[in-house]
Amino acid sequence: MSLSWSRVFTIARREYLTTIRRKAFLFTVIGLPLFYTVLMVIMIKPQISEAIRTLRTFRSLGVVDSSGLLANAPRDIRTETDAGENPFGNASPAATQVFHAEVKFYPDQVAAEKALRASEVNQVLVVPADYLQTGKLRRYATTTNIFSSASERPVTRWLVRALLDGREDSLRIERVARPARGLDLYALNNKGEFELHDDRREMFDFLIPFAMGMLLGLSIVIGGQYLLQGVAEEKESRILESLMCTVTPDELLAGKLIGLGSAGLTMVGAWVLIGSTAAAPGALLANVHIAPRLIALAVGYFLLGYLFYGSIMTGIGAITNNMREAQQFSFMFTIMNFIPFYLMTTILGRPDSGLAVGLSMFPPMAPVAMMLRLAAPTGSVPIWQIVLSMGLLAGAGWLAIFVAGRIFRLGLLMHGKTPNLPEILRWVREA
Amino acid sequence: MLVVRDCVKRYGGRAAVNKVSFEVQPGETFALLGPNGAGKTTLIRMITDILRPDEGTIHLDGRPVGAATRQDIAYLPEERGLYRRVRTLDALAYYGELKGLRPKAARDRAMALLERVGLAEWALKQVQTLSKGMQQKVQICTTLIGEPRLLILDEPFSGLDPLNVQLLEDILRERRAAGATVLLSTHQMNKVEEQCDRALMLNRGHMVLYGPVRQLKRQFADHSLSLRADHVPDGIPGVRRAERVNGDFTLALEPGADPQAVLRALLERGVEIESFNVASLPLEDIFIKVVREGLGLDQGRSGPPTVDEPLPAEVGR
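Listed in order, the protein sequences are those of chains P and Y. Reading the first sequence from the start, the letters are residues 1 to 431 in the numbering used here. Reading the second sequence from the start, the letters are residues 1 to 317 in the numbering used here.
Hints are not guaranteed to be accurate.
To be verified - Below, simulated SDA-like cross-link-like pairs (lysine to any residue); rule was C-alpha separation at most 20 Å, straight line: (1) P/23 with Y/86; (2) P/23 with P/33; (3) P/23 with Y/85; (4) P/23 with Y/125.
Stated by the list, open to error - Facing chain P, a subset of chain Y residues (Cβ under 10 Å, in silico): (5) 70; (6) 81; (7) 97; (8) 212; (9) 214.
Note that these hints are calculated values from the structure, not bench results. Each residue gets a CB set at the ideal place from its N, CA and C atoms; glycine is no exception.
Looking at chain Y on its own, in the form it has when it is part of the complex:
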């Protein structure tokens, strides 16, 4: 279990991360969200012991992060690269050796991983001959080779085609089943909704949202409708945005808009409605709302604004 308590990191007097506390359970997929410059990378660097917090503590499985936990954490940074002029197998095996594997074991495991991601035939080719997507898969493999207990992935899906996205999701599922924890930092909110049990959102170094994803969505739900209908005309009062997803419409409502009034207006405009739900708001809209309205930044104090119930015991188990 990863436990972060009251972590603060300042740069030249400005707090990049301010009193951040959260826990991530074993086997859980946890989302770390926030706009650019919110402090996510600084927080991750503290968890990976690249940076030391000015205040607060970070523990993994009861041990403070540092030399003792180094083998248990793997990190795929957003800005990433590989040694280009070496063979793919060697580049990957090097990470394995650094994670404490013997050279032979590192090569075996590297080969198995390349097979798993469909790059076995590229093992002896130089990294620079691989396509961007292939390199991305090799980079993901570098984080997997040490079989870490905590896997921190920053935008792991970027640059991958849908098939490879599926492959990566399968691999992460396998790792979670084996007891690994995944900390996912991404701006792809649909991935967070699909993959993550819980989420933490930072804004300007502060925690502004923290809790189970489903609960966060429910909390903001009064602002969204889900509709199965033949069409949705423009200009319905209270509807900020209509988006068609797989034949259904998601209507984002303006603050304070009454869903019943929207339904009445739709019927009056002659829309044929098959089904109508007061839906949860897309996470993306919650994200935009929280950042734009500066929610959770009151009194410069950090902390989740509303969701403060205990962690669900069943998470990841």
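Chain P with its partners taken away, still in its complex shape:
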């Protein structure tokens, strides 16, 4: 195979420039992170705000006490939110918010229900006579929603205080109400020292492998999709035959792989830049550090994974007649790349398990699976496994590019019926 590198470079440059100059490219670079940010805000903010709102609007509790246990209970419920519980609140997220609710006693349930219907109280708590024996309680409210449990917290704490009132000193009662509020966890760090476990750190411990795996998977798929689109478009618009008198299929394939892979990398690079700028303050606070080795391996896995998937996509582009057909064929390969995410809990939880090791050796899933294992906070992947995994992926990539090159050579000039498997195998043999 003799390649003219100047032609390969010319092709790569054209593919790269025409791709990144498209409006769709810019739209994806900015649009996708924006979309996910908006989605997160839309999904999580109401959830948290709703809980806070429930606490805020919970102004009074009607109580019907048939047990006589709560006769001396405080007439005020005080609820505190923890620091950072409401990141979307107007107040600083670090601040503790305090909510108060009034307690009103009613002689019987009929009176209490009447008060509830008249909106004199927000909820009614009925304490049966055998509460101490059975633990059974009834709560009445005019409406329910999926966040109803938010109002359970003040009721529970008030009950603890009411039951213990007079038997213990107030400080002890406070502790019993929330015994593990100030529980700090110390865990071994990678220097072998016990270190205070930071919740934010925990979030990053999860986010970093997830983000690295996702970016790696996405960049491979995006690069592959560009290839698929490029080849299918060129085939559909019959550009290839006049090109192929000037360039060899191998040069065209190499130029496309380089140019469109670079376009995929550019997109991921832009996302990393946007993401790290946005997450930098939090990451600095949590003392997050991504090892250069991890980044180097991510680049290595990208190159090999892209070669593997890109070749397959090129082959698919070459045998199909139009974009729609090409997309249908490529779908299952794209899914395969992302399968490790469905098994993420296992891979991150037990990175040395048979499943995790197996997936990271299987070329179609190796890049994402290995990235998850490498970035998992508890993981230490033996060197031999990395070498073997990369070796297998490189072998599969070489095979894919060899087969794709042959399919490409013949498929580019074929129009009409999409070939079946025996025909494709014949092409590979004959090309």
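Dock chain Y against chain P, hints included.
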């Protein structure tokens, strides 16, 4: 000089091109003819090194076609397209760069070509905004930008109006004068008669005609008459078809018909005749005859049926 020797290409046991040999001289316009599926495209793909022959050799200027000759050959396929969402100048310059020009030189030459074909003002517009005819001219420019020694054009006139046909003929004439060889594959037989020095005709992968166009026409001439007359009535014995071209009639005769008998019959029917020639048969009729009667396909052997004299030395010089 392009030299094709005993080329064979098989697909699944069937020979798409079977023992084809011919030569094309520098500066010559050579026609490649044949019905659909005759093997023309396969032959062209072998000359352009898109496909490799199973047997035989192809040389351009003494070198086997391949990496070494890639810059010297340009090909305008029948099924053709352009990148649509790029500027016309960029689309054209890209072909120039692939032909080995530096980016600046490629753009300069692309601009000069667009000026030559009257599309300079469209240089910075996207290809998809061009009309079909304009795109066709840009496609022709993509084959010219590398200044190839061998220009292979498959149906280059389709989609062009008469003015643009004239323009393309002028451009091809200039290229030939500069030493380029033109290999023209077309079904427009009048263009072959006007433009081409020699022709090769394929049928079912075999060579069935090969030689100077004038000589091929003379060979089949006894079947045609050229007539200047006031009219030609229907039903003249021996006349298969009468066609009026610019006031003259061309009468295609049935096989074995005697031109003298036709003349007598015309006079008897009261036709006033100004001039009468035993004309050469239109190439189109030769084409139809050769394909319909399967001439040259005897014994499955390939080769020109009759015309086998040496190449005229003056061709293209």
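Taking the hints in turn, this is what the structure says about them:
At roughly 13 Å between alpha-carbon atoms, residue 23 of chain P and residue 86 of chain Y fall within 20 Å of each other, so this suggested pair holds. Between residue 23 of chain P and residue 33 of chain P, the direct Cα distance comes to roughly 16 Å. Compliance with the 20 Å bound is thereby established for this hinted pair. At roughly 12 Å between alpha-carbon atoms, residue 23 of chain P and residue 85 of chain Y fall within 20 Å of each other, so this suggested pair holds. Under the criterion of a C-alpha separation no larger than 20 Å, the hint pairing residue 23 of chain P with residue 125 of chain Y is consistent with the structure, at around 17 Å.
Contact between residue 70 of chain Y and chain P, as hinted, is supported at the beta carbon level, the nearest pair being about 6 Å apart and thus within 10 Å. The interface hint given for residue 81 of chain Y holds, since its Cβ lies 4 Å from the closest Cβ of chain P, which is under the 10 Å cut-off. Interface restraint check: residue 97 of chain Y against chain P, minimum CB-CB distance 5 Å, threshold 10 Å, status holds. A cut of 10 Å between beta carbons decides the hint on residue 212 of chain Y: the least distance to chain P is about 28 Å, and the hint is violated.
With a least beta-carbon distance of about 31 Å to chain P, the hint placing residue 214 of chain Y at the interface is violated under the 10 Å criterion.
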